[in-house]
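2 protein chains.
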Amino acid sequence: MAVNYTPASNILAVEGIRLSSGAAGVRYKDREDLLVVEIAEGSSVAGVFTQNRFCAAPVLLCREFMADNAPRYLVINSGNANAGTGQAGLDNAREICEELASLTGVAPEQVLPFSTGVIGELLPVEPFRAAFPEVLNGLDAGNWSSAANAIMTTDTLPKAFSKQLDIGGNTVTITGIAKGAGMIEPNMATMLAYVATDAQIEPELLQSMLKQAADLSFNSITVDGDTSTNDALMLMATGKSQAVVDTTNATVFQEALDEVCRYLAQAIIRDAEGATKFVTLTVDTAPDLETARAVAYTVARSPLVKTALFASDPNWGRLLAAIGRSPVKELDISKLSLSLGETALIKDGEPVATYTEAKGQQEMDKAEITISIGLHAGDASTTVWTSDLSHDYVTINAEYRS
Amino acid sequence: MAVNYTPASNILAVEGIRLSSGAAGVRYKDREDLLVVEIAEGSSVAGVFTQNRFCAAPVLLCREFMADNAPRYLVINSGNANAGTGQAGLDNAREICEELASLTGVAPEQVLPFSTGVIGELLPVEPFRAAFPEVLNGLDAGNWSSAANAIMTTDTLPKAFSKQLDIGGNTVTITGIAKGAGMIEPNMATMLAYVATDAQIEPELLQSMLKQAADLSFNSITVDGDTSTNDALMLMATGKSQAVVDTTNATVFQEALDEVCRYLAQAIIRDAEGATKFVTLTVDTAPDLETARAVAYTVARSPLVKTALFASDPNWGRLLAAIGRSPVKELDISKLSLSLGETALIKDGEPVATYTEAKGQQEMDKAEITISIGLHAGDASTTVWTSDLSHDYVTINAEYRS
Chain X
3 MAVNYTPASN
13 ILAVEGIRLS
23 SGAAGVRYKD
33 REDLLVVEIA
43 EGSSVAGVFT
53 QNRFCAAPVL
63 LCREFMADNA
73 PRYLVINSGN
83 ANAGTGQAGL
93 DNAREICEEL
103 ASLTGVAPEQ
113 VLPFSTGVIG
123 ELLPVEPFRA
133 AFPEVLNGLD
143 AGNWSSAANA
153 IMTTDTLPKA
163 FSKQLDIGGN
173 TVTITGIAKG
183 AGMIEPNMAT
193 MLAYVATDAQ
203 IEPELLQSML
213 KQAADLSFNS
223 ITVDGDTSTN
233 DALMLMATGK
243 SQAVVDTTNA
253 TVFQEALDEV
263 CRYLAQAIIR
273 DAEGATKFVT
283 LTVDTAPDLE
293 TARAVAYTVA
303 RSPLVKTALF
313 ASDPNWGRLL
323 AAIGRSPVKE
333 LDISKLSLSL
343 GETALIKDGE
353 PVATYTEAKG
363 QQEMDKAEIT
373 ISIGLHAGDA
383 STTVWTSDLS
393 HDYVTINAEY
403 RS
Chain Z
3 MAVNYTPASN
13 ILAVEGIRLS
23 SGAAGVRYKD
33 REDLLVVEIA
43 EGSSVAGVFT
53 QNRFCAAPVL
63 LCREFMADNA
73 PRYLVINSGN
83 ANAGTGQAGL
93 DNAREICEEL
103 ASLTGVAPEQ
113 VLPFSTGVIG
123 ELLPVEPFRA
133 AFPEVLNGLD
143 AGNWSSAANA
153 IMTTDTLPKA
163 FSKQLDIGGN
173 TVTITGIAKG
183 AGMIEPNMAT
193 MLAYVATDAQ
203 IEPELLQSML
213 KQAADLSFNS
223 ITVDGDTSTN
233 DALMLMATGK
243 SQAVVDTTNA
253 TVFQEALDEV
263 CRYLAQAIIR
273 DAEGATKFVT
283 LTVDTAPDLE
293 TARAVAYTVA
303 RSPLVKTALF
313 ASDPNWGRLL
323 AAIGRSPVKE
333 LDISKLSLSL
343 GETALIKDGE
353 PVATYTEAKG
363 QQEMDKAEIT
373 ISIGLHAGDA
383 STTVWTSDLS
393 HDYVTINAEY
403 RS
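Here the protein sequences line up with chains X and Z, keeping their order.
For the first sequence, my numbering begins at 3 and goes up steadily by one.
For the second sequence, my numbering begins at 3 and goes up steadily by one.
Calculated directly from the structure, the hints in this document are not laboratory data.
Check before you lean on any hint, since a few could be wrong.
In this list, chains with the same sequence are indistinguishable; a pair is considered to hold if it fits within one copy or across any two.
Restricting the straight-line Cα-Cα distance to at most 35 Å, the calculated cross-link-like pairs of lysine-lysine (DSBU-like) are [said to hold, decoys possible]:
no.	residue 1	residue 2
1	Lys31	Lys368
2	Lys31	Lys349
3	Lys213	Lys165
4	Lys31	Lys361
5	Lys213	Lys331
6	Lys349	Lys337
7	Lys337	Lys213
8	Lys242	Lys213
9	Lys361	Lys349
10	Lys31	Lys165
Please read all numbers here as calculations on a predicted model, not as lab measurements.
The whole structure should be built from the sequences, with the hints applied where relevant.
As C-alpha cells, then:
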C-alpha cells in the first residue's frame, strides 16, 4: 500500500517524444514489460547512471554509446536486470540494440538499452526480436502513462508527472516517469527514470541541470541502502517548442525540473516496498553538506529506526543511537537538537522537559512523519526521504524470485 | 530460535571474581535484571567501549573512573540503557556507584556501572538501593551462569564460555559472558561482555590483548548495522593463579582469549534477533584490511542480501550488487571471485559455467552459510559473522517497548 500516493492523471505529451510498450514475456507473463522511446532527431540527451561498480551491461553500453552519439531510441525492459551476466550479457544487450536499429534505420549506437529486474540471469534476445515490430507500430506521443506501467517491477503503482512553465512567452512542457520500490539508494540517479522536455537546451547545460535535479531528488532517497546495479536517469530535450533555455534563464527551468524529479523520487518512497510511512528527514546547521548527508543517511538506513517507524513507536532513543554512530569527523552532541514533527525531543543535547510520550505518539501515528535534526555547527542542510521497515518489506524480498 | 546454539554447561569459576544477580525490577518484572561483579584487590582490568558519540551515561563514567582507579566492582542492569538521558542520567549512575561503594567500603570511582535496554528513559536509583544488600549477600565465584542470564534483554539464551590453558606449568582459566541480540554492530566492543582470568597480567598488556581479541570477535559481527550506545567489553585478570603472562608468552594466552571472545561474539549472532541463519562472510586477497572490511560489512548489512538469506534464496545478484556499492577506492570487478560454501558463483568477474540453481539452493538451505569473496588485489583478509533479516526481526523491534 503506497503512502498517500495516487498516480497523477494529467500526463502531458512532449513534442518530439513517442513511446510504445508491449509484452515481450522476458520474465513476467501477464503484463507489459517492454518500452521503446523514440527521440526526435536533433534532441539533446543527458543521463546519470549508477555508481555501483557491478553496474549492469545496459549501463555500460549507455555510457559507451552516449560518449559519441546522439541517442534516437531507448529500449527498456523490466523483469531482468541483465546485471552480473558478464560478457554474454553485454553481447546480448548490444544485439538487442542492433535489432532495433535495423528496424528503425538508425545506428546501433543511437539505441540506449535499460534493464531492471532480477540480477544474475542472462537477458535473452529473442523476446525483443519477436516483440519489436508490433511495439514500433504503436509509437505515439500520448503513451506516457502506459510507459510508466511497463517499466514497473515491485512497484504497486506507476510514477509519472508533468509540469508546464513559460519561457520567453513559450509554453514548455516537462514530463517524466520513474520506477523503483526496493534496492533503492540511488547514487547519481535512480532505478530508471525518464524525463523529457520540448525546450531547446544545449547538451552540456542539460547535463549540469540534470545532475543538480538528481542530487535534490533521486540522490536524496533511500529505501534499504542497497544501491542498484541499474540506476539510470535520462533527460531528453527535443527543442520542438520555441523556447530556448540557456544560462541566462536556466534557473526557472531548473526549478521546474527539480519539481518533476522530486515528485517522482518521492513517489518511489511513497510506493517503497512494504512502506506504511513516508518520512522526511532534515539535517540542518551542519558544518558541511557531507556531514549533513552522512547523519541523514545513517538515520534513514537504520533498521531499528525503521522498525520503530513501522510500529509508530516514538522510540527516539534509536534516533539518538543512529545519529551517534554516524561516520562523521566531528559531532558535538551537547549542541544537538531533535524534533519529531512540531514536537521537540532534544535541545542542547538534553531531553526536553516538556516532552511527553503522548506527544511523541501523536506524531508517530501519522502516515507522514518529519524528523528534524540540528547540529548547530554551521549552515549546511539536507533533506532525504525514506520509508519504514515492515513485514511486507521482508515478505516482498524473501519471495522476490519465487 | 537461535541457530545451532546451546549454552555451554561447563562454566568455570575464576579465582578472585565473585558474582551475584537479583531482580531489581528496573523494567522487567518477572526476571533477574541486576548483576554485581566483585573483582579481587590487585587485579588488572581492561575495557573497550562503544564509539557511538551518543554513548550512555555509564560508559562516560566507566571511562572517567578507569583513567585513575583500580575497579573493584561492576554493577550491571538490563532493561534500561541509561542513554540519551542527559545530566540526570549521569547523576543517577554516579549515585548508584556511590551507593554500592558505601556498602562495600571502596571508593565510588572503583565501581563501574553498565546498563543495557531501552534508550531515552531515566534510570532510577531506588531499585538498586533496595536490591543491593541481598545481592551483595549472594556473591559467589560459582555464579557465572546466572550472571549471564541476568544481563539478557532480547537474547533468547545466555552466552557464557570457559577455557583453560597451561602457562609455565600453571593452569589458567578464562571465563566470559556476553549479551546482545539487536542493535549489534560493535565498534570497539559489544553490548556488554565480561571476561575474567586468574592469570597475572600487567594492565597495559591486558588492554592491548583485549583490543586484539575484540577486533577479531565482537568487532567482526553485525546484526543490523546499528552500533549501540552502551557497548562495553571488560577483561579482568585477578592474578590468583601462579601464572604470569607477559610479552614473552603472550601469544598462547592471546589465542585462548581470542577463542573465548570469538565464541561469545558468534553466540550473539547465533541468537541474533529473529535469526534463522548463521553466516560466515570472508573477504580475502584484498589490497588492505580497510577495503576487506568495507566490502564485508556492506554485504553483511544489506537488507536485500539478508532477506534472501532468510528465504534460502540463492539470489547471488544481490551479493554482487552489495559488493559493487561498497565504499572502497578501488575494486576491479573483472578479478572478483565469489563462492557460496563450496560452490563457485563468479570467477574473474564472470559467472561460472558449472553453477546451477540447484547447487546454489543446496548451499542456501543450510542453517550455516559461508560466503567467500576474493578481490585478487593483495593479501589482506577479514571474516565477519552476521545473521539474516526475518519477520521475527521486524516483530521483535516493532514491539520492543510494548
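Consistency of the hints with the structure:
For a Cα distance limit of 35 Å, the shortest separation of Lys31 from Lys368 across copies, 32 Å, qualifies, whereas the shortest one inside one copy, 38 Å, does not. For the identical chains of this complex, Lys31 and Lys349 are inter-copy neighbours only, at 32 Å across copies versus 55 Å inside a copy, given an alpha-carbon limit of 35 Å. Taking CA atoms no more than 35 Å apart as the test, Lys213 paired with Lys165 passes inside one copy only; the shortest distance there is 19 Å, against 58 Å between copies. Only between protomers do Lys31 and Lys361 lie at most 35 Å apart by alpha-carbon distance; the minimum there is 27 Å, versus 49 Å within a single protomer.
Taking the shortest Cα distances, Lys213 and Lys331 sit within 35 Å of each other both inside one copy (27 Å) and across copies (22 Å). Taking the shortest alpha-carbon separations for Lys349 and Lys337, only the intra-copy value of 7 Å comes in at or below 35 Å, while the best inter-copy value is 50 Å. Proximity of Lys337 and Lys213 under a CA criterion of 35 Å is satisfied in both settings, with 33 Å inside one chain copy and 31 Å between copies. Taking the shortest alpha-carbon separations for Lys242 and Lys213, only the intra-copy value of 23 Å comes in at or below 35 Å, while the best inter-copy value is 66 Å.
Taking the shortest alpha-carbon separations for Lys361 and Lys349, only the intra-copy value of 16 Å comes in at or below 35 Å, while the best inter-copy value is 55 Å. Taking identical chains as interchangeable, the C-alpha atoms of Lys31 and Lys165 lie at most 35 Å apart only when both belong to the same chain, with a minimum of 34 Å there against 59 Å between chains.
In this structure, every one of the numbered hints holds.
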